[in-house]
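Line by line, the protein sequences are chains A and B. Residues 117 to 523 (the numbering used here) are what the first sequence spells out, left to right. Residues 193 to 624 (the numbering used here) are what the second sequence spells out, left to right.
Hints listed in this document are in silico derivations from the structure and should not be mistaken for laboratory results. Using N, Cα and C, we set each Cβ at its ideal position, and we do this for glycine too. Treat the hints with care, as some may be off.
As the list claims (entries may be wrong) - Covered, in the sense of this in silico footprint (three residues per stretch, anywhere, with C-beta under 8 Å from a C-beta of chain A), are these stretches of chain B: (1) 202–208; (2) 500–513; (3) 542–554.
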Amino acid sequence: MQALLVFLAIAALSLLASSPALDPSRFPSLARLAASGFLFLLFGVVLGPSVVGALSVEDLGHLRPVMALGLGTAGVILGLNLEPRLLRLLPRPVYAAALAHSGTAFLFVTVPLAAPLLLTSHPSLHAAVGAASLLGGAASLSSGHFAVLAYRAGRMDRARGLGVALLTMLDDAVGLAVLAVALMLSAAPSAGEGLGLVCLAVLLGILCGALLAFLTHAMNDPAELATVTLGMVALVGGAAAYLRVSALLAGVACGATLALVGGRTVERVARALGRVERPVFLVLVFLVGCGVYTRDWAAWALVPGFVGLRFLGKVLGGRIAQRMASGVLELPPRVGYALIAQGGLALCLVAEYQFLVPGGLARRVLDVVVVGAVVNELLAGPAFRQVLTPMKPRLAPAAVDDVEVAT
Amino acid sequence: MKGAVTRLLLLMVLLAIISRAQVLRADSGTSVTLAAGALLLCGLFAGKVAKGFGLPRLTGYLLVGVAVGPYALGFIPGEGVKGLDLVKGLAVSLIALVAGTELRLGLIRRVGARVALLCAAVCAVTFAVCFGATLALKPVLPFLTPLTMPQALAVSALMSTVVVSFSPTVTIAIVQETSARGSFTEFLMALVIIGDLLVMVAFALAAGMTRASFGGGFDIAGLLSGVGWELFGSVVVGGVLAVAMLVYMRGVKRELPLFLVGLSFAAAEGGTRLHLSPLLVSLAAGALIVNLDEREGERIHHAIQRAGLPVFALFFAAAGAGLKLDALMTVGPAALLLVVLRGLAIWFACRRFAPTHDPRLKEYLWMGLISQAGVTFGLAALVSRTFPTFGPQVEVLIVAMITAHELVGPVLTRRALTASGEVRTDEAPGTA
Chain A
117 MQALLVFLAI AALSLLASSP ALDPSRFPSL ARLAASGFLF LLFGVVLGPS VVGALSVEDL
177 GHLRPVMALG LGTAGVILGL NLEPRLLRLL PRPVYAAALA HSGTAFLFVT VPLAAPLLLT
237 SHPSLHAAVG AASLLGGAAS LSSGHFAVLA YRAGRMDRAR GLGVALLTML DDAVGLAVLA
297 VALMLSAAPS AGEGLGLVCL AVLLGILCGA LLAFLTHAMN DPAELATVTL GMVALVGGAA
357 AYLRVSALLA GVACGATLAL VGGRTVERVA RALGRVERPV FLVLVFLVGC GVYTRDWAAW
417 ALVPGFVGLR FLGKVLGGRI AQRMASGVLE LPPRVGYALI AQGGLALCLV AEYQFLVPGG
477 LARRVLDVVV VGAVVNELLA GPAFRQVLTP MKPRLAPAAV DDVEVAT
Chain B
193 MKGAVTRLLL LMVLLAIISR AQVLRADSGT SVTLAAGALL LCGLFAGKVA KGFGLPRLTG
253 YLLVGVAVGP YALGFIPGEG VKGLDLVKGL AVSLIALVAG TELRLGLIRR VGARVALLCA
313 AVCAVTFAVC FGATLALKPV LPFLTPLTMP QALAVSALMS TVVVSFSPTV TIAIVQETSA
373 RGSFTEFLMA LVIIGDLLVM VAFALAAGMT RASFGGGFDI AGLLSGVGWE LFGSVVVGGV
433 LAVAMLVYMR GVKRELPLFL VGLSFAAAEG GTRLHLSPLL VSLAAGALIV NLDEREGERI
493 HHAIQRAGLP VFALFFAAAG AGLKLDALMT VGPAALLLVV LRGLAIWFAC RRFAPTHDPR
553 LKEYLWMGLI SQAGVTFGLA ALVSRTFPTF GPQVEVLIVA MITAHELVGP VLTRRALTAS
613 GEVRTDEAPG TA
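Same shape as in the complex, but just chain B (with noise of 0.2 Å):
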């Protein structure tokens, strides 16, 4: 514990140096590689002292993003964030094939319907909480008091159903960290995803609701093709991918994880080109690989997990660098008011709806949910970059909810798997 700290300020250190010599430069050149570098090896060192803290490593990775990034220390570049949007993209696809690996259909047949069921109550619930809390903030929101009562309600209704999201990425890096095993475990994870499924497909229907009611007009047709395109054609694209990777790994059976980082960074980038969801191509070809050879699913799993600590460390610390904290520091009551609310109204719709067969859910399954991260993101910039009138200012207040929920969120989440005793080990080696 003491060793990283004492590296850690050392890297900081160093970076302090470099940004300093910076300045005798007039112009500086390309900032993209120092960042992951940079990111990388404080994420790594950070995530140590977090451990040593009794936080999980991911905290640490994102603190420490926020400490060294251009809204804290200044001593990364904005511009170098900024690059690694295509990390982000690689690591948002490898998370999400590992819990595709995950989606056996055996699981999916036992718990399927009870967390389809508990899915949409959460969902529900926490919508509904959402949208009525923004409505009635419409005097102090200064994006919504201009808009007329039923814009408004189209507006709410969109930034709710943002809100509602949850973050698989933040849930498997902890189950990967902790090694959690067992039916909580599936449950919490399997409930994330889906959740997730259900806000895409809400999300898209809010925005055609948004743009009628500016008179954008109502395009059921374009709408439908558009949500199917996204769901439908991401499966596609993820059935395809599957048949590649399993053909690949009968055929060639070596460099499997460079293979694997190869095809993920297709997905991600190839699917936004396409409009397609990245998460979901991944998703669907993880978990068809597991339905169609176990053996090779688990393969994929053990491959992941030895490539995952870089990937993870980069990500979550780059993601920590680009929370705007001055965003925070001018929404925050109202991003911190909802905060609150949408954590109230997960624990209730948890204590309220879970299954009663396991008390586990009842009692800690809303801890897993409160995470938000990559969807959530994206999410916003799409709001951001469709409706240009309110859009920016409905993207920092959900940005400064995700800071909350990022810096809570992990530590929440683990603390469910340690209660719901699944947590297997404290430390994998080599994993997030």
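Isolated chain A, as found in the complex (with noise of 0.2 Å):
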């Protein structure tokens, strides 16, 4: 009955985001949230035990099984899009610049609060640092949507787009790297054993990816491709969680080694994911939602830090990457104020953590998380506005929210 539930409220929310009533010109904000998927956040915040309590904590257990299938699916999205020729064509400063601008805004954010979280929850040292970094994780990352729409609209232009673009999927590295710290640190009574788990996660996904490539490789019917594939996506997501290990990091080996050996399957594949990854992507945020705790005051004291200390992290950090990308990519000025949406995967990295490191800590860390990402969502509006310079449209203006984006 809780999936019936969780179902039918999906269903009605995907009517009300298509639906006129969110007219971008009446409702800017909530019509970006429901664009980027946000508002499906809010919902399962409202929906969930510590709200309304339409779901308990017993029904969100017993939804377990969608969370991992819906962070192995996630994973697996991911790690397709690491193209290994596309990688290996950038140039070393992009990277750089990458890592400048995430890695600024990991420390900015991790450094700062790992004392509140060790002096309020009085965990282990390992712990504390754990849960930082992995706060400093998802505040590393970013979301282009706002970038892409901008110069599908015309009011950006295309080169500094997919700059700004480019520069949010690599910082997907980061966040990733993070989270298999963070692991390591907590999800295990020593990091020794912590290693292991996440070496396991990595190997099951690569295993998955590599028999996928076989299984898939020359399968000609766009039915059994699509049901092959969701199979092995259900499998890795579900071998995982049942290995009590990361979905997503078995789900991102399981697409990079898919991009590797799988030729050309891979676009079908990908094509086939393609077509669930909204619905799914719904779901996840809206049960991330669920596991929001609202009445965690220390929660709720963390996230003004954590929302101002990653918005200095990513001015300065765009700052440093400008510079070092200067002449190598076409970034647009005060390029950091492009990179303030933060993106759906900071609220797959702490639905896993939380997950996998039961406690207070990380329930903490998914509500600053859940509560930051959604600020930040509003913020960056009217940060990006900051970035653009004037040009003449190409396309009428009222497309520019009128596409739907995922992450």
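Dock the two chains into a complex; use the hints.
Rendered as structure tokens:
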């Protein structure tokens, strides 16, 4: 019945999100939240155990398989985007620039917030470091959807829009690496054991990715291809959840392996996954929202610090990135303001962390990042205007907010 | 064929590695998603292997489910398979929706009376034979031995009612797989559907009698209202669903497979909660749609056919994984005797009472009536829940029978359709 409730809620929200009631000209913030999927996040918070209670903690426990499926799917899609040929073509300054903006935000958030986490939660030192680094990891991520929408609508030069999008894509690697480190520190009694679990997740993903490449090799029937793809995504996410290792990391390893060895199949698999990407993402963010505990005042107290420090980190990191990538990558002036939107991967990271590291600290991290992500999404619109230089629009301005984005 | 075998073996090796790796962890996490992915993939390739051997794909789905499931190799934990009940409900609803779209008014007018008469005859003969056999086995069946004669009569009647039931899911899946079309196929499908409706009514009556024989009192009003709610309530809810679907299909016109999956999911879950028959709800919805708007009925048929492959593969592989092989061992002889007697009774009834205008009905129809699956499982579970003193043992016996029927039934159904000459193609892309 819980699953039915979730389904009905998602269906209702999907209709709401696509209805004229959310007219971007009348409710720009709400329309932006709907387009990025974060409206579902808020709806999850409201329906979750700590507000209305339509879904209890026990219900959320029953919905863990759905969460594992969502994290696995997100991971595989991320991994498939790691196009080896493209990555090899990128010059070093681009990597350095991506690392600069994400690394600065990471440090700006991790270092100052480690102390309050340690003091308010009384965990062990390495657990606090793990939690703080995950907050930093979530802060390091950015979403390039504003840039993509802007260049599609002709409000930004295409090269600059793609430059921002490229930077935000590369910082995903930082977030995933931080998740791996945080899990090493917190998901097992010792760091060595934690490392073993991370390696197990990656190994599982590599095996599944190689097998998926073999299974789909020379498969021509689209229905069969879609079935095998979905089956393998469920298998990799499910196996990771069963072994209590990271479904997200296993998924990324699976997708990356497929991208490496899959050849012509990769595109067809990506297309098959593309059809389920948005519904899966919406269900996932809804469930992440349900996991928020709104009565944790210490988490609320951390949110301004998280948002403010991240903002500063992104603005400063953006400046450094611009300097590093000058002459190689075309970036807009004040690029840091284009990196304020946080995106869905940050939610995946904290959901995975809470999945594998039970306890109040992981929940607090989730609360801070979820609330922070919504605030950042609302801040991102006005911040992005600082980046835009006046240009002649190539498309009708109304098209700007009509485009749906998944993350 | 060779490629499918290699792929299946590789998948099983991966599952073996995962189940071995689990030993490293002190406690495991949720296994439902693992079960879903593994059964879907294994089912798909096992279906291809089965096809290579000239068997229905469905048999491949079932057999691989048995093999990797908790009662054989144990690669998939029992909790994972149990957690897929939701998927099973969804599959039954989708299958019933397709079956409903086959029930056109013209067909019902044409063969309705003949099907109903033959169905009543087959059910009556099979019931009589199984009832007699069960009663005769009273001294050796542990759950019947301690009962008084009236109680034994009631329990035998209850069990025989369940044993009579057919499997619309298997029949429809095989019809989809083979793309069979024609009067024989129509007759067979109508018969299994009407047969299950009869069984549902008979089951409610037999359960009431059994309750009375154990001192619970014979509540005729309660009995009739229960049966009435299940039958008419299901039809009414099905009608509402049909209207919702037609409105959506005429108004929205996009993402139809996704919408149908969602609605079937709601029908399965909601129907169970409201004590309705999800099968009947979806059946009524499908029938109403096709009779109100034939073009939209066809659209539903094709949309489900496109989404059918993963649903069927997962449903039947999960059904296979849930088959308790140990039950087959403990009550094997009695179950096998009942399986043989049921088969003989169905064969005899078809030979004796099938309409004479089509000789194929007398010859091959019985083969299409052997399968048992979802409805029988559901009724057996209901017996177990309603009568905790003897119900669980009855369930074990019936599940053992289902195991045997699941393994031979699909093969026989396909043989019946092939022998009737109505199989159009052996490989419809994207179908079960």
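Now for the hints, and whether the structure bears them out:
1. Residue count for the region 202–208 of chain B with a Cβ under 8 Å from a Cβ of chain A: 3. That meets the three needed, and the coverage hint holds.
2. Restraint check on the region 500–513 of chain B versus chain A: 3 residues with Cβ-Cβ distances below 8 Å, three needed, restraint holds.
3. Judged by the Cβ-Cβ criterion of 8 Å, the region 542–554 of chain B is not covered by chain A as claimed, because only 0 of its residues qualify and three are needed.
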